[in-house]
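Colleague: These are the residues of each chain, in order.
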Amino acid sequence: MNASKLREVLSLGKFAVTAECGPPRGANAEVINKKGTLLKGYVDAVNVTDNQTAIVRMSSIAACSHLIGMGIEPVMQMVTRDRNRIALQSDILGAYSLGIRNILCLSGDHQTFGSEPGAMNVWDIDCMHLIHTVRKMRDEGKDLSGFELNTAPKMFIGAVENPFADPFEFRVLRLAKKVAAGADFIQTQCVFNMERFKEWMRLAYEQGITEKVHILAGVTPLKSARAAKYMATRVAGMSVPDSVIKRMESAPKGKVSDEGFKICLETVHELRKIKGLHGIHIMAIEWEEKVSEIVKAAGLFPR
Amino acid sequence: MVENLKVVSATTFKPENAEYSKPKITLFHCINAISSLTDLVNLNCDITEIQMPCSSMTREVFLLRAFEAGADAVIVIVCPKGTCRYIEGNIRAGKRVARMKKLLDEIGLDGRRLEIFYIPQGDQTALNDAIYQITDNLAALRSNPTA
Amino acid sequence: MIVGEQKPLAEIKDKVSSYSKLLILGCGTCVKTCFAGGEDEVAILASALRLSFRKDDINIKIEELTIERQCEDEFIKEAATAVGRNDAVLSLACGAGVQMIANRFARSPVLPGVNTTFIGVLEKQGLFTEKCLGCGNCMLDIFVGICPISRCSKKLFNGPCGGSQNGKCEVNAEIDCAWQLIIDRSKSFGQMDRLITYIPPKDWRSSQAGGPRKLVREDHII
Numbered sequence: 001m002n003a004s005k006l007r008e009v010l011s012l013g014k015f016a017v018t019a020e021c022g023p024p025r026g027a028n029a030e031v032i033n034k035k036g037t038l039l040k041g042y043v044d045a046v047n048v049t050d051n052q053t054a055i056v057r058m059s060s061i062a063a064c065s066h067l068i069g070m071g072i073e074p075v076m077q078m079v080t081r082d083r084n085r086i087a088l089q090s091d092i093l094g095a096y097s098l099g100i101r102n103i104l105c106l107s108g109d110h111q112t113f114g115s116e117p118g119a120m121n122v123w124d125i126d127c128m129h130l131i132h133t134v135r136k137m138r139d140e141g142k143d144l145s146g147f148e149l150n151t152a153p154k155m156f157i158g159a160v161e162n163p164f165a166d167p168f169e170f171r172v173l174r175l176a177k178k179v180a181a182g183a184d185f186i187q188t189q190c191v192f193n194m195e196r197f198k199e200w201m202r203l204a205y206e207q208g209i210t211e212k213v214h215i216l217a218g219v220t221p222l223k224s225a226r227a228a229k230y231m232a233t234r235v236a237g238m239s240v241p242d243s244v245i246k247r248m249e250s251a252p253k254g255k256v257s258d259e260g261f262k263i264c265l266e267t268v269h270e271l272r273k274i275k276g277l278h279g280i281h282i283m284a285i286e287w288e289e290k291v292s293e294i295v296k297a298a299g300l301f302p303r
Numbered sequence: 001m002v003e004n005l006k007v008v009s010a011t012t013f014k015p016e017n018a019e020y021s022k023p024k025i026t027l028f029h030c031i032n033a034i035s036s037l038t039d040l041v042n043l044n045c046d047i048t049e050i051q052m053p054c055s056s057m058t059r060e061v062f063l064l065r066a067f068e069a070g071a072d073a074v075i076v077i078v079c080p081k082g083t084c085r086y087i088e089g090n091i092r093a094g095k096r097v098a099r100m101k102k103l104l105d106e107i108g109l110d111g112r113r114l115e116i117f118y119i120p121q122g123d124q125t126a127l128n129d130a131i132y133q134i135t136d137n138l139a140a141l142r143s144n145p146t147a
Numbered sequence: 001m002i003v004g005e006q007k008p009l010a011e012i013k014d015k016v017s018s019y020s021k022l023l024i025l026g027c028g029t030c031v032k033t034c035f036a037g038g039e040d041e042v043a044i045l046a047s048a049l050r051l052s053f054r055k056d057d058i059n060i061k062i063e064e065l066t067i068e069r070q071c072e073d074e075f076i077k078e079a080a081t082a083v084g085r086n087d088a089v090l091s092l093a094c095g096a097g098v099q100m101i102a103n104r105f106a107r108s109p110v111l112p113g114v115n116t117t118f119i120g121v122l123e124k125q126g127l128f129t130e131k132c133l134g135c136g137n138c139m140l141d142i143f144v145g146i147c148p149i150s151r152c153s154k155k156l157f158n159g160p161c162g163g164s165q166n167g168k169c170e171v172n173a174e175i176d177c178a179w180q181l182i183i184d185r186s187k188s189f190g191q192m193d194r195l196i197t198y199i200p201p202k203d204w205r206s207s208q209a210g211g212p213r214k215l216v217r218e219d220h221i222i
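Chains as they are written, first to last, in our numbering: chain A, 1 to 303; chain B, 1 to 147; chain E, 1 to 222.
Possibly wrong hints are sitting among the right ones.
Okay, the calculated bits of chain E under chain A, using three or more residues with CB under 8 Å as the criterion [stated by the list, open to error]: (1) 149 to 155; (2) 158 to 165; (3) 190 to 197.
In silico BS3-like links for lysine-lysine, alpha-carbon gap of 27 Å or less [claimed, not checked]: (4) LYS198/A x LYS61/E; (5) LYS95/B x LYS187/E; (6) LYS154/A x LYS5/A; (7) LYS101/B x LYS7/E; (8) LYS198/A x LYS187/E; (9) LYS101/B x LYS81/B; (10) LYS55/E x LYS101/B; (11) LYS7/E x LYS136/A; (12) LYS13/E x LYS61/E; (13) LYS95/B x LYS202/E; (14) LYS177/A x LYS55/E; (15) LYS40/A x LYS296/A; (16) LYS168/E x LYS124/E; (17) LYS102/B x LYS187/E; (18) LYS102/B x LYS7/E; (19) LYS61/E x LYS7/E; (20) LYS198/A x LYS223/A; (21) LYS102/B x LYS13/E; (22) LYS15/E x LYS101/B; (23) LYS13/E x LYS101/B; (24) LYS177/A x LYS187/E; (25) LYS124/E x LYS81/B; (26) LYS246/A x LYS223/A; (27) LYS262/A x LYS40/A; (28) LYS136/A x LYS198/A; (29) LYS101/B x LYS124/E; (30) LYS34/A x LYS5/A; (31) LYS223/A x LYS177/A; (32) LYS15/E x LYS22/B; (33) LYS61/E x LYS102/B; (34) LYS102/B x LYS124/E; (35) LYS198/A x LYS154/A; (36) LYS246/A x LYS177/A.
Computed footprint of chain E on chain B, listed as stretches where at least three residues anywhere in the stretch have a Cβ under 8 Å from a Cβ of chain E [said to hold, decoys possible]: (37) 70 to 84; (38) 99 to 108.
Simulated from the structure, these hints should not be mistaken for laboratory data. By construction, the Cβ of each residue, glycine as well, lies at the ideal position given by its N, Cα and C atoms.
Chain A with its partners taken away, still in its complex shape:
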């Protein structure tokens, strides 16, 4: 695997599809194999999270390496919470040498939420710095200190944006800032509040940002009314309209997840109409089997 397949798909103007894979809380890669098998062929790339929610899991770089072994293209997520600029750059070099071609740069969830709340956090650099660093390594062939690398890691650089966090007017500014720092693609927080998302996309489009960066909208199929309510109230930066919660609550027993699936498909359908949106990022957490169904039902298969 020599170049980023995700980049290829996007540069050809195709509507991209990515999904997510959470590594196991243990040293056995079997979980990754299972999830990978469910996703292979249905998506252009698979994100591998980096100790998400600050819960200790198999490292992203290792899990990505396992996916490559299965012939699946990974997107290695990197948070700046746990590693300083030395370790991060080191892992970028290592990742590239293992065949990883896509990096998603994030600041990361605070460690007080995770399995080691007493741990010291790092945050030597933030996600903006990380984007900038990866770009410098790629385009100038130098690390942050200015040292010339023997081989530059030619990474496809991603970042996240959350159109649903506050303050709204700043979210487009921040998007522009990430693009200026070097982001090639953006994956957003999952879309339930279509109105707000469309507004954010409209502003991005008007400011010409959608021509400089590939935006992929996050989608999540809801499994239950409880999941919907949990997301609405307990997850920071998530916007779930009451209408969605009502639909999930009023769905007949045994048909609730079907309703969630339906809402997801409707969302994808709406998203495909948005100017400047170049793909979707399906986050079917612990419901990876749904990804293939969504992709097929949305008319996005074969890839």
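Place chains B and E on chain A using the hints.
Modeller: This is chains B and E only, laid out in the frame that chain A set:
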């Protein structure tokens, strides 16, 4: 500032143990809340009266030192909420007493040995009730184990 | 000022339990202003400890002394005789003071009675908040007077993160999102373009990460 009142005779307090001496109560009060303690109901207890020019002079260290001096219980009498002559005195007294009650629990003496009462000037009944309440607490708590 | 909180009574009692003559040494500066270790707090703690030990039938002798500051030798030497006649010193100063006492009175066991927490301000009566981490290279002009190092839970230089909601931090709804404050203030100055400017990574050498620091003023050394 410390004045010992004359001992009053027993009516309601019934000691279980013959050796159990009269409960020693230190009574801090703001002079605006109580002007005189002479009409206190007859109770078999030793009351040490400590007058304060303002309830904000209810200082934590004095409350603790009262226990060090052998008090079985300490009560603080201040004016009711909203009527403090110096506006905040009774509020501050209340907060400090609350904090010291917790500390008394941590010390192992039990916070119920310390109580604050908000009593309008001249309300003899309320004053007597305060004494009743604290002696009630003491019936369960017994004498100061550190004395 | 430096802010700290007195340790819980049980913890202090445990620390001093092996000594029969204890000096509780208070400090009249920072810890006095945050009600952790000033003269009043020394008196309360001494009384509480005596009562608590007496309940265990232990008669501990506690001496109480408060000096102006425990971070300057000029004041510390005033405590010399008191330290000398006791078995141990329970210092209610901040960590700096405790260490200075321990250093000065090298043969006396010195115990901390206060947990030093942060450099902060008294926002209003009874409320102290953290404001400064001592990074050694102040950039408060760039951040319009709000420090993202001490006040952003993630030390973001190009914030906010996606967890900022209703002006509050994702870690704890009682924490104001520092970046929301920076944005609001930038807006009030009509300087929103500040927020698009890329702020590069910090050189942490000026902070504690570069090793314990010192300040030498030759002009004051005779």
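Colleague: Are the hints correct? Go through all of them and say.
Modeller: Against the structure, the hints come out as follows:
Evaluation of the coverage hint for the segment 149 to 155 of chain E: fulfilled, as 3 residues show C-beta separations to chain A shorter than 8 Å, against a requirement of three. Under a criterion of three residues with beta carbons nearer than 8 Å to beta carbons of chain A, the stated coverage of the segment 158 to 165 of chain E is upheld, 8 such residues being counted. Closer than 8 Å: that is the beta-carbon criterion, and the segment 190 to 197 of chain E has 3 residues meeting it against chain A, so the requirement of 3 holds. Proposed proximity of LYS198/A and LYS61/E is contradicted: the alpha carbons are some 73 Å apart, above 27 Å.
A threshold of 27 Å between alpha carbons decides the hint, and for LYS95/B with LYS187/E the separation of about 41 Å lies outside it, so the pair is violated. For a cut-off of 27 Å, the pair hint linking LYS154/A to LYS5/A stands: about 13 Å separates their Cα positions. The hinted pair formed by LYS101/B and LYS7/E meets the criterion: a straight-line CA distance of about 17 Å does not exceed 27 Å. Simply put, LYS198/A and LYS187/E have alpha-carbon atoms about 25 Å apart, close enough for the 27 Å limit, and the pair holds.
At roughly 20 Å between alpha-carbon atoms, LYS101/B and LYS81/B fall within 27 Å of each other, so this suggested pair holds. Simply put, LYS55/E and LYS101/B have alpha-carbon atoms about 17 Å apart, close enough for the 27 Å limit, and the pair holds. Proposed proximity of LYS7/E and LYS136/A is contradicted: the alpha carbons are some 49 Å apart, above 27 Å. With a C-alpha separation of about 13 Å, the suggested pair LYS13/E and LYS61/E falls inside the 27 Å cut-off, and the hint holds.
For a cut-off of 27 Å, the pair hint linking LYS95/B to LYS202/E is broken: about 45 Å separates their Cα positions. A threshold of 27 Å between alpha carbons decides the hint, and for LYS177/A with LYS55/E the separation of about 65 Å lies outside it, so the pair is violated. At most 27 Å may separate the alpha-carbon atoms for a hinted pair to count; LYS40/A and LYS296/A meet this at roughly 13 Å. The suggested pairing of LYS168/E with LYS124/E holds, with an alpha-carbon distance near 20 Å, which does not exceed 27 Å.
Pair hint LYS102/B plus LYS187/E does not hold up; C-alpha atoms about 46 Å apart against a cutoff of 27 Å. Annotation: proposed proximity of LYS102/B to LYS7/E holds, straight-line Cα distance about 14 Å (limit 27 Å). For the suggested pair LYS61/E and LYS7/E, the alpha carbons sit about 20 Å apart, so the restraint of at most 27 Å is met. Annotation: proposed proximity of LYS198/A to LYS223/A holds, straight-line Cα distance about 24 Å (limit 27 Å).
The suggested pairing of LYS102/B with LYS13/E holds, with an alpha-carbon distance near 16 Å, which does not exceed 27 Å. Distance check on the hinted pair: LYS15/E and LYS101/B sit about 23 Å apart at the alpha-carbon level, within 27 Å; holds. Straight-line distance between C-alpha atoms of LYS13/E and LYS101/B comes to about 18 Å, which keeps the hinted pair within the 27 Å bound. Of the supplied pair hints, the one linking LYS177/A and LYS187/E holds, its CA atoms being roughly 17 Å apart against a limit of 27 Å.
For a cut-off of 27 Å, the pair hint linking LYS124/E to LYS81/B stands: about 23 Å separates their Cα positions. Distance restraint check for LYS246/A and LYS223/A: the Cα-Cα separation of roughly 14 Å lies within the 27 Å cut-off, and the hinted pair is therefore satisfied. In summary, the hint linking LYS262/A to LYS40/A is supported, as the alpha carbons are separated by about 23 Å, within the 27 Å threshold. For the proposed pair LYS136/A and LYS198/A, the alpha carbon gap of about 33 Å is over 27 Å, so the pair is violated.
Simply put, LYS101/B and LYS124/E have alpha-carbon atoms about 25 Å apart, close enough for the 27 Å limit, and the pair holds. Distance check on the hinted pair: LYS34/A and LYS5/A sit about 22 Å apart at the alpha-carbon level, within 27 Å; holds. Of the supplied pair hints, the one linking LYS223/A and LYS177/A is violated, its CA atoms being roughly 35 Å apart against a limit of 27 Å. Restraint check for LYS15/E and LYS22/B: not satisfied, since their Cα atoms lie roughly 37 Å apart, outside the 27 Å limit.
Taking the CA atoms of LYS61/E and LYS102/B, the gap is near 24 Å; set against the 27 Å cutoff, the hint holds. With a CA separation close to 24 Å, the supplied pair LYS102/B and LYS124/E stays within the 27 Å bound. Among the hinted pairs, LYS198/A with LYS154/A is inconsistent with the structure: their alpha-carbon atoms are about 32 Å apart, more than 27 Å. Between LYS246/A and LYS177/A the alpha-carbon distance is near 37 Å, which puts this suggested pair outside the 27 Å criterion.
Given a C-beta distance limit of less than 8 Å, the hint that chain E covers the segment 70 to 84 of chain B is violated, as 0 residues qualify and 3 are needed. Beta-carbon proximity to chain E at under 8 Å applies to 4 residues in the segment 99 to 108 of chain B; the threshold of 3 is reached and the given coverage holds.
Of the hints listed earlier, those the structure fails to meet are numbers 4, 5, 11, 13, 14, 17, 28, 31, 32, 35, 36 and 37, in rising order.
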